[in-house]
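**Q** These are the residues of each chain, in order.
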Amino acid sequence: MIRGRAWTFGNNVDTDQIIPAKYAIYSLDEKKLGEHAMEGVPGNEDGWSKKISAGDILVAGSNFGCGSSREIAPVAIRGAGVSVVVADSFARIFFRNSINLGFPILQSPQAAEAIKEGDELEIDLDEGVIRNFTQGDEYRCDAFPPFMNELIKMGGLVPWVRERLKERAQASA
Amino acid sequence: MGMTMSEKILARAAGRDSVRPGDLLLAKIDFAMGHDLTIPPAGKIMREQMGAQKVWDVDRVAVVQDHFQPAKDIASAGLGRMTREFAREMGIKWYFEVGQGGICHTVLPERGLVLPGELVVGADSHSCTYGALNNFATGIGSTDLACVMALGELWFRVPESLRFVYHHKLPQWVEAKDLILHVIGTIGVDGARSKAMEHTGDAIAHIDMEGRLTMTNMAIEAGAKNGIIGFDEVTREFLEGRAQRAYTPVDSDPDAEYEKTFEFDAEAIPITLARPMSPDHTAPIDEVAGTRLDQVFIGSCTNSKIGDLRRAAAVLKGRHIAPHVRLIVTPSSAQVAREAEREGLIGIFMDAGAGWTVATCGACLGGHMGVVGAGEVCLSTSNRNFPGRMGDPTAQVYLSNPVVAAASAVAGEIVHPKEVVGRELVYA
Ligand code: SF4
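Taken in sequence, the protein lines are chains A and B.
The working numbering applies: residue 18 is where the first sequence begins, and numbers increase by one.
The working numbering applies: residue 6 is where the second sequence begins, and numbers increase by one.
None of these hints come from the bench; they were simulated from the model.
Given the structure is predicted, the values throughout are model-derived calculations rather than measurements.
Heads up, the beta-carbon is just placed ideally off N, CA and C, and yes, glycines get one too.
Fair warning: there could be bad hints in the mix.
[To be verified] Label pairs and their in silico Cβ distance ranges:
{"hint": "1", "chain 1": "B", "residue 1": "E94", "chain 2": "A", "residue 2": "S189", "range": "17 to 25 Å"}
{"hint": "2", "chain 1": "A", "residue 1": "K170", "chain 2": "B", "residue 2": "G417", "range": "41 to 49 Å"}
{"hint": "3", "chain 1": "B", "residue 1": "D260", "chain 2": "A", "residue 2": "E62", "range": "36 to 44 Å"}
{"hint": "4", "chain 1": "A", "residue 1": "G60", "chain 2": "B", "residue 2": "H329", "range": "30 to 38 Å"}
[Stated by the list, open to error] Capping the alpha-carbon separation at 27 Å, the derived lysine-lysine pairs in DSS-like fashion look like this:
{"hint": "5", "chain 1": "B", "residue 1": "K13", "chain 2": "B", "residue 2": "K33"}
{"hint": "6", "chain 1": "B", "residue 1": "K49", "chain 2": "A", "residue 2": "K170"}
{"hint": "7", "chain 1": "B", "residue 1": "K49", "chain 2": "A", "residue 2": "K183"}
{"hint": "8", "chain 1": "A", "residue 1": "K48", "chain 2": "B", "residue 2": "K77"}
{"hint": "9", "chain 1": "A", "residue 1": "K170", "chain 2": "B", "residue 2": "K98"}
{"hint": "10", "chain 1": "B", "residue 1": "K77", "chain 2": "A", "residue 2": "K49"}
{"hint": "11", "chain 1": "B", "residue 1": "K33", "chain 2": "A", "residue 2": "K48"}
{"hint": "12", "chain 1": "A", "residue 1": "K39", "chain 2": "A", "residue 2": "K67"}
{"hint": "13", "chain 1": "A", "residue 1": "K183", "chain 2": "B", "residue 2": "K59"}
{"hint": "14", "chain 1": "B", "residue 1": "K98", "chain 2": "B", "residue 2": "K77"}
{"hint": "15", "chain 1": "B", "residue 1": "K13", "chain 2": "A", "residue 2": "K49"}
{"hint": "16", "chain 1": "B", "residue 1": "K33", "chain 2": "A", "residue 2": "K183"}
{"hint": "17", "chain 1": "B", "residue 1": "K77", "chain 2": "A", "residue 2": "K39"}
{"hint": "18", "chain 1": "A", "residue 1": "K48", "chain 2": "A", "residue 2": "K67"}
{"hint": "19", "chain 1": "B", "residue 1": "K49", "chain 2": "A", "residue 2": "K39"}
Work the whole structure out from these sequences, hints included.
**A** This is how it looks when you write it as structure tokens:
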């Protein structure tokens with residue numbers, strides 16, 4: 018169960034806004050990336066991550082994470098302390114990258130529309146339900162196919178590949 | 006039920022007779038690419054976290070130094086070094102050092118490394134470029150690339166296909182770039198989100214491989230998973246003497262299913278630009294003519310191949326750029342630069358007052374060699390103009406084809422090329 022406050026963003030927030038390209042040189046430093054997360058969104062030039070508390074929830078409109086293939090986009094958001102991203106829809110590479118990292122993302126047009134900045138939310142990842150305590154409302158999320166759920170549960174693509182490498186080693190032994 | 010070419014490629018790579026949109030597959034990869042921003046994390050994830058000690062097939066991976074190379078600062082020198090060391094330690098066959106390769110999406114097609122019928126992935130969003138060569142090519146993240154390098158396989162969701170049919174022929178001055186900008190302006194930056202964009206119709210037969218690569222390059226600007234074009238005489242000729250492996254072209258079945266078909270009359274497409282600050286914020290040239298410019302950038306994997314430079318040089322020959330403008334010309338590969346030198350194009354650019362650079366991504370992603378400052382107005386031949394993409398978030402970036410870019414550099418403002426060169430383009 019995840020609890021946190023909502024931070025809302027609009028449609029088509031692209032990866033350059035999530036983490037401006039100039040910080041790509043810190044691609045191996047999640048904390049440093051986190052410090053600059055969402056800094057490219059107009060109005061956040063002086064930083065966004067210092068405003069939020071660990072566990073807070075990012076809520077966005079449609080096509081969140083469009084633009085480059087930068088995996089540092091979900092990494093920066095996670096590095097800033099965000100526990101989960103809820104959006105009307107996700108751009109595909111951002112979607113892939115998040116699943117591969119085992120970073121929870123939820124697609125719910127209903128939630129994206131209704132949630133206001135500052136709302137207190139509780140999210141049940143297993144059930145795919147978002148509860149909004151501030152508004153006294155509840156939203157359903159689109160279910161992931163089983164394979165993706167398995168990846169998220171395992172902690173992402175890394176443990177999955179480790180398993181397969183093990184299987185291959187055993188098969189050739 | 007028939008299949009689209011995208012579906013056929015995924016089915017073959019997953020060892021299945023058929024697939025449908027929405028299916029999740031584990032598929033074998035034919036070729037993979039990473040560059041100086043994505044190889045360092047991918048290499049680290051592959052070796053340290055996944056525990057793989059070698060790449061699944063050293064003949065099927067390309068590593069390209071292009072984004073922040075030649076190193077623009079100490080941090081990027083570190084990334085360049087990690088990329089170089091990884092390629093050496095893994096014994097990667099297709100490693101492209103600064104000065105010898107160029108931008109990944111120009112280098113791979115020109116070296117015949119990405120071929121019809123193949124499943125290609127690249128840790129860069131514009132990897133969809135390769136689909137002009139009749140393959141399924143898509144951009145992936147660094148963890149994806151680590152998985153591919155370790156196993157030679159990756160998971161995919163089979164995309165729905167959208168069909169774009171272009172009738173007739175593009176008119177004078179109107180290029181593949183204008184066509185794809187027009188399409189993106191019509192369907193929006195998420196108009197093809199996670200879907201396959203298949204381009205077909207009479208107009209395509211008249212567009213050369215460079216123009217086709219420009220079109221598939223920008224599939225991601227409509228949110229697409231891949232862009233793809235059928236195999237024809239143009240493809241065959243381009244690959245002759247170039248293809249590094251035998252290949253099998255694919256075609257869509259007549260009864261393949263498309264989520265939607267869009268039809269365009271190519272003859273009616275105007276010269277089209279994207280206005281700040283989104284590639285779907287398009288306008289015909291008449292509506293943006295007269296916009297005063299500070300910088301013009303002719304470069305990027307979208308529009309800086311030899312044909313692009315030839316046309317830009319035809320505009321600039323014997324002319325000089327406006328005094329308040331700076332023009333930066335960045336060839337997209339070492340081979341393009343070599344050819345430009347052989348044909349005397351570099352001299353034409355320099356006589357016109359342009360700055361000629363080494364082949365790299367450079368200003369395209371606001372990396373180096375042409376970053377734009379606060380409030381500046383730039384016209385770029387690249388693919389993307391989201392806020393902050395080329396530098397300061399308050400800079401205003403327009404996108405166009407290279408002939409419009411060159412003519413506008415001369416005029417000092419966005420201009421129809423015929424205002425500068427007269428009735429038609431005359432080559433040197
Ligand atoms: S030229 Fe621009 S779009 Fe192309 S690969 Fe480089 S940064 Fe990306």
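**Q** Does each hint hold? Answer for all of them.
**A** Against the structure, the hints:
1. B:E94 - A:S189: 17 to 25 Å: 23 Å, holds
2. A:K170 - B:G417: 41 to 49 Å: This hint is violated: roughly 59 Å between Cβ atoms.
3. B:D260 - A:E62: 36 to 44 Å: The hinted range 36 to 44 Å is violated for D260 (chain B) and E62 (chain A), with Cβ atoms some 53 Å apart.
4. A:G60 - B:H329: 30 to 38 Å: 31 Å, holds
5. B:K13 - B:K33: It holds: about 13 Å lies between the C-alpha atoms, which stays within 27 Å.
6. B:K49 - A:K170: 22 Å, holds
7. B:K49 - A:K183: 19 Å, holds
8. A:K48 - B:K77: Judged against 27 Å, a Cα distance of about 23 Å means the pair holds.
9. A:K170 - B:K98: 36 Å, violated
10. B:K77 - A:K49: Satisfied, since the Cα-Cα distance of roughly 20 Å is no more than 27 Å.
11. B:K33 - A:K48: Between K33 (chain B) and K48 (chain A) the Cα gap is close to 34 Å, so the pair fails against 27 Å, i.e. violated.
12. A:K39 - A:K67: OK: K39 (chain A) and K67 (chain A) at ~19 Å, within 27 Å.
13. A:K183 - B:K59: 14 Å, holds
14. B:K98 - B:K77: The hint holds at about 26 Å.
15. B:K13 - A:K49: With a Cα-Cα distance of about 43 Å, the restraint between K13 (chain B) and K49 (chain A) is violated, given a limit of 27 Å.
16. B:K33 - A:K183: 18 Å, holds
17. B:K77 - A:K39: Holds. K77 (chain B) to K39 (chain A) sits at ~11 Å (cutoff 27 Å).
18. A:K48 - A:K67: OK: K48 (chain A) and K67 (chain A) at ~12 Å, within 27 Å.
19. B:K49 - A:K39: Given pair K49 (chain B), K39 (chain A) holds - Cα atoms ~21 Å apart, limit 27 Å.
Hint check: violations occur at hints 2, 3, 9, 11, 15; the rest are consistent with the structure.
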